[in-house]
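Asker: Each chain is listed here by its residues.
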Amino acid sequence: MASVNNEFFYWMSIALMMLIHAGFLAYEVGASRSKNVLATAMKNLLAFATIVASFYFVGWFLYNAMPSGFIEFNDAAKAALPWSDNMGPNVQDPASGIFWGAFALFAATTGSIMSGAVLERIRTSGFLVLTVMVGSVTWIIGAAWGWHGAGWMLTKLGFHDVGAAGCVHMIAGFATLGILINLGPRIGRFLPDGKPVTIRPHNLPLTMLGLMLIFTGFFGFLMGCVIYAGDGYATIYASPTTLSAFAFNTLMGLAGGIIGAYLTSRGEPFWTISGGLCGVIGVASGMDLYHPALGFLIAFGAGCIAPFLGKLLEKFKIDDVVGAVSVHGGIGLYSVLMAGVFLSGYPNTDGNPSVSLWGQAVGAAVFAALGFIPAYVVSLGLKKVGLLRIPKAVEEQGLDLSEVPATPYPEGIPITTMRSSSGTAVLALGEEVK
Amino acid sequence: MFSPIDSYDDAGVVFTFGGFSLGVWLVFILAVVVFVGFFVRMIQHENHAYKAIIDHTPIEPGPAAEGEPTTY
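First to last, the protein sequences are chains A and B. Counting with the working numbering, you get residues 32 to 465 for the letters of the first sequence. Counting with the working numbering, you get residues 2 to 73 for the letters of the second sequence.
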């Protein structure tokens, strides 16, 4: 088969990754109550816009300047400055823009992972400050360190995380945890004795459609995780691989994760479909090397664990609306460590150390800290100046009413009727939790 | 006026102003200013909107459009 043009390959990767954002939007809109639907959608749109712009301003430079750990003005870094010859249309350079674009979508994905967890009570402006920080600064520093052919985690530790479970998912998940600690739960989410109260999504089917879109977008995400030069594929660490390898373990990961989460959540729809995401993230670190049956088992474990992580967070009164800390932070950590367990001893290229559990553990600790600490500190600062959380009255009445000059459902939302024991149809009314 | 090239023969950089130029610096700085200004304006909008809710003043004065339900 004739090789595909390199630019077209990554162009398709970018297009498919856009589906992740369509999915996030559908997922989070569905997970919101009907009083926050449009504000939720606006938050997603603005997160995408602000991350892409800021990633152009600083993100791509940081990736190219920081593989050694600190900023170095090497040739690649200079070429990534926004005023350089390579950071705009240049007919001699078919690579810079398309790679920047793919990484910008990774950045937007990382920043948007946090978006669902903080629904219905965060100030949009405060969230955008945080998502720009994570999407255009912290994750890309993590990527320069551990997801780069010259990153110090590879050259010193033999770190292996081909599917970005660490720099994308762990950093986003741990950043989310840092923010949620300062943000606090939605009003009514926990009773005074700490017992969690379920606040129902206004449209659960839409959340499920959203996750299916995210699954589809993940194929674009993973497409962007390989280096394609027109004559074959390599991992980001320059070891040879194939898209076939990724196909085996992405699909087996999806399958294992869904089955695992179904079992431990006892068929709860939210966790079951989130289990698919857990499965893919769970195998992401080593999906170029796992046997598909092993990938299935690792993903199964990821799916099994995630609902328990969600319950554990509830014990600490952390209100993570979409399970981002569990699915991305917890399972991202699991993925990096599983690669240490099962890939230990695998060689790296260019004389870099072999993969080891120790190297994976150190890398995971770095990513956890890089995700958690800046997000915790900055969100604490935003909280101090009143820019983190919306006022109580606004939260009770809904963000759509205050912030958004439009009505999501001007003709109302159809209400399900239930048949009573006497056979007459009655409305199912729910009391809003405050 | 802003073209860095006179023809496409052996052309490399074709974007407006050309790399490392005063024009690129100006538009870059302007883009960053607009980016920061967006955040400032958004915070102002939010503060105004939240105050209106707390003060029970209507966001959009005037009668509700026909068929539009009362607010939540």
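It is worth saying that the hints were derived from the structure and are not from the lab. Every value quoted in this text rests on a predicted model; they were computed, and no experiment measured them. Even glycine gets a Cβ: it sits at the ideal position worked out from N, Cα and C. Hints may contain errors.
[Said to hold, decoys possible] Incomplete in silico selection of chain B near chain A, CB under 10 Å:
1) Ala12
2) Val15
3) Glu47
[Unchecked claim] Below are the EDC-like pairs computed for lysine to aspartate or glutamate, each with C-alpha atoms no more than 16 Å apart in a straight line:
4) B:Lys52 - A:Glu427
5) A:Lys423 - B:Asp10
6) A:Lys423 - B:Asp11
7) A:Lys187 - A:Asp381
8) A:Lys346 - A:Glu427
Asker: Have a go at the glutamate 47 of chain B hint: is there a Cβ in chain A nearer than 10 Å to its own Cβ?
Answerer: At 6 Å from the nearest chain A Cβ, glutamate 47 of chain B passes the 10 Å test, so the hint holds.
Asker: With the threshold set at 16 Å, check whether the alpha-carbon distance from lysine 187 of chain A to aspartate 381 of chain A stays at or below it.
Answerer: Given that 16 Å is the threshold and the Cα spacing comes to 12 Å, the pair holds.
Asker: Between lysine 423 of chain A and aspartate 11 of chain B, does the CA-CA distance stay at or below 16 Å?
Answerer: violated (63 Å)
Asker: Per the CB criterion, is valine 15 of chain B less than 10 Å away from chain A?
Answerer: holds (5 Å)
Asker: Holds or violated: the hint that alanine 12 of chain B contacts chain A, with Cβ atoms closer than 10 Å.
Answerer: holds (6 Å)
Asker: Verify the proposed pairing of lysine 346 of chain A with glutamate 427 of chain A, using a straight-line Cα cut of 16 Å.
Answerer: Given pair lysine 346 of chain A, glutamate 427 of chain A is violated - Cα atoms ~24 Å apart, limit 16 Å.
Asker: Need the status of pair lysine 52 of chain B, glutamate 427 of chain A: alpha-carbon distance at most 16 Å?
Answerer: holds (14 Å)
Asker: For the pair we were handed, lysine 423 of chain A and aspartate 10 of chain B, check the Cα-Cα distance against 16 Å.
Answerer: violated (64 Å)
The structure shown violates the earlier hints numbered 5, 6 and 8.
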